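Residue numbers (UniProt numbering): 1 to 225.
Since the hints were derived computationally from the structure, they do not count as laboratory data.
Fair warning: there could be bad hints in the mix.
Claimed, not checked - Result set (PhoX-like, lysine-lysine): computed pairs, CA atoms no more than 25 Å apart in a straight line: (1) Lys31 - Lys150; (2) Lys69 - Lys31; (3) Lys54 - Lys69; (4) Lys31 - Lys54.
Since the structure is predicted, the reported quantities are computational estimates derived from the model, not experimental observations.
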Amino acid sequence: MLAWASLLVVLASTAVVAVDQFVLGYRQPAKIMEIVWPATALYLGPAAVLTYRKWGRPQSRRWLDRHGKPPRTSRHAPTTIQTYHCATHCTLGVIIATPIIYGIGLEIFGSTLWPEVVGDYLGAVAIGIAFRYSTEEHTGGRRAWAAVRKFLRGDLLTVSVFELALLGWLALMHLRVFHETLRPGSPVFWFIIQVGLIIGFFAAWPPTLLLIRRGVKTELLGTPK
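Let's have the full structure, built from the sequences with the hints guiding it.
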């Protein structure tokens, strides 16, 4: 019951953000954020909706045309939004990779846990590089190399910390609590992943702040001005 209730809440939250952007017309100036905000709602639920309405919606052209200058924001907004950005790599990675791993029945040492660990991490890295590629101005091979270089410099640390926290939680649940009885067809499976994504978000926040303070993360996509 708890798992079903939680999943319904986060799916409803994701729908609220998506409808606001694509139906009501509050489109984001940084198009990648139109993926980041709904993906964040998939695990933070109403909290993501609140921060979207506070920090994301006022960046849209429609909001600015109606209200003028966006309101002042918290000094933590850039760090939080950048953490949302990197967390989206991991969120989409686990959503895509996990069903594939279980669907084809991959096992290492007789367990699906270790293929899931590898698949989720590689999925997060691939999504992160794809995000960087989509915002690059270069063309051809230079564009791909620039995307990889920027990901390694600006995103790899936070993605790795996020994944370490997420996968550590999943391993704990897998080995000590459920003993491989859960599958992607179970709502409890996805509820456990949702909790892991929340843990990963809080784990990735400090390294994101560190990278911003060191000037490594300088492209604050979708961050309120």
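Could you work out which earlier hints the structure fails to respect and list their numbers in ascending sequence?
none
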